[in-house]
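**Q** Construct the entire structure; sequences and hints are all you get.
Here's the letter readout for the chains.
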Amino acid sequence: MRIFGETKERMDKRQADRRQGAPGEREVQTRTAPAVERAQEMVVENLSAYYGNFKAITDVSMHIRPNKITALIGPSGCGKSTFIRTLNRMHEVAPGGRIEGRVLLDGEDIYARDVDPVRVRRRVGMVFQKPNPFPTMSIYDNVVAGLKLTRRRKKSELDEIVERTLRQAALWDEVKNKLSESGTSLSGGQQQRLCIARTLAVEPEVILMDEPASALDPISTQKIEDAMEELKERYTVVIVTHNMQQAARISDYTGFFYIENMGDPGRLWEFDETDKIFSNPGRKETEDYVTGRFG
Amino acid sequence: MDLFKQLRRGNPGDAIFKGLAVLFGLSLLFISGLVVFELWYQSSLSRGEFGWSVLWSTEWDPPGERFGALQFIYGTLVTALGALLLAGPIGIGIAAFLVEIAPRRVDRVVGIVVETLAAVPSVVYGLWGIFVLGPFLCSYVAPPLQAVLGWLPLFSGPCRSYSVFTATFILAIMILPTVAAISRDVIRAVPDAQREAMLALGATRWEMFSRAVLPYAKSGIVGAFALALGRAAGETMALAIIIGNAPRIFTSLFDQGATMASIIAANFANAGSAMFVSFLIELGLILFAITLIINVSARLLVWTVASGPSGGIRA
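As given, the protein sequences belong to chains G and E, one line each in that order. Residue numbers for the first sequence follow the working numbering, so the first one is 1 and each next one is one higher. Residue numbers for the second sequence follow the working numbering, so the first one is 1 and each next one is one higher.
Fair warning: there could be bad hints in the mix.
Said to hold, decoys possible - Calculated cross-link-like contacts (lysine-lysine; reagent style DSSO-like; alpha-carbon spacing at most 27 angstroms):
(1) E:218 <-> G:130
(2) G:130 <-> G:55
(3) G:148 <-> E:218
(4) E:218 <-> G:178
If you're looking for bench data, these hints aren't it; they were derived computationally from the structure. Keep in mind it's a predicted model, so treat the numbers as computed, not measured.
**A** Following this line, the structure appears as structure tokens:
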């Protein structure tokens, strides 16, 4: 598979770097991040999602591993975005949105009767396709917007969180001198990284990203990918992407969603380690898709 | 060649259209100018007699032809602001219910009701205020209010149907459709991405509304309030019926009072002297100026608080 030769090489090199420890970077990381390891696994069992009577996805089962990046790929309209929104109960915000099946976070069904969706969303954060900072808030206030929902914190504590999360989102150096300016004064790529920092600030266990780089230029995309690489040290990351090279570059596991016939609900066609999906997929449709024959 | 010549000179149809459009546009300015001029010209007698001091005088002596406008300005501002104080929060609440909670069908039905409310003639509100709302307020709202806050001068004295109190409530009901309808449109215009962003951070629906939606819609809601205030200040018929048209500075809401519009309506038909008529026209001029100030300052306020949403998201 020639088209992935380059990215494969990069991946191998990166993994080698990681094994060697890249010691300097490691130290910085542990110093800026608190020592809690909060990443959790998610298990999806026979999940179907509906909009009213319309069934958007059917019978999806998936094991999302902690401290890994799981990429979801597939042609448009096959239910990737719907699926990722069921993982933090954002799907039910849409009119008629409901599901069947189970989604377990650390063994606990997030759709159980006594579970408050608000608590689920604090544990499973989300970054959206289009950057959506709060325009009436400063950069600083955008980052702490979620924190202010839970309890009052000391200014010094907030300062520390703002710096740490902005660093994790690879934005600190660009905004440290203008934290009081409006969040919308930033470029699109910076806004998206601000949204990532905002999501990190509430200390979720899982981070969902719905095509976070699709509206961005290549340099911004690169920065976000670099940030994600660091994020999985501490979080479980799930990302929807249209960009197969991106999935191949950054993810550990890949799920391929597919609709066989127009009008059918989307299915998880194949789910495996990213290497396997891109070099030796088990099904013909997967191979056709990842080699760019359609979609 | 003829074709190009025509293009260069402009199509005759376009020229006519442009001319008419400009004419109609200018006619609006012309009419406003004419109104101001008439008010100014017809009030010259009163202006010449009382000068600027009319603005802070409370004199009221029709036989002696001595007049002051302060009590009417006061009455207008107190009732209009009181009405906005009542209708503002309720209007936002209605808008929030319609946009964030109500199913589509309820939204449409309530929307029609709100628009119908806005179309009810002012005089009907006035009569309803005397016969229904006034007695109701005096038997069910005023007693508990006076029990708690009766020591304030604002709530002293016996409750009457014809009072500033009833007038303020009627005004509130009359401007409620304005506040609710505009707030609804403004709140509906807040992008869903903003709501999702707040929800995804673990916000409840109330937190989502108060922290993401309201700040975004703030400038539009300020605009809605300003329009409502302007409407309340200019409201005439209902107030002329209810407020009692007593030309004095009231201290209790249960007193009778008068607004500029109500006193003009109550006295214009049988104003006995040229000076009286001229004074009433001057009141109209002052009312015009106050409404203008409300609208302009609201515009300025909107500009200053609109720093966020109008900026939008840069790519």
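**Q** Going straight from one Cα to the other, do residue 218 of chain E and residue 178 of chain G come out at no more than 27 angstroms?
**A** holds (24 angstroms)
**Q** Within a Cα-Cα threshold of 27 angstroms, do residue 148 of chain G and residue 218 of chain E meet the stated pairing?
**A** holds (20 angstroms)
**Q** Is the Cα-Cα distance between residue 218 of chain E and residue 130 of chain G 27 angstroms or less?
**A** Measuring from Cα to Cα gives roughly 23 angstroms; hence the hint holds.
**Q** Is the straight-line distance between the alpha-carbon of residue 130 of chain G and that of residue 55 of chain G 27 angstroms or less?
**A** OK: residue 130 of chain G and residue 55 of chain G at ~25 angstroms, within 27 angstroms.
Of the hints listed earlier, there is not a single one the structure fails to meet.
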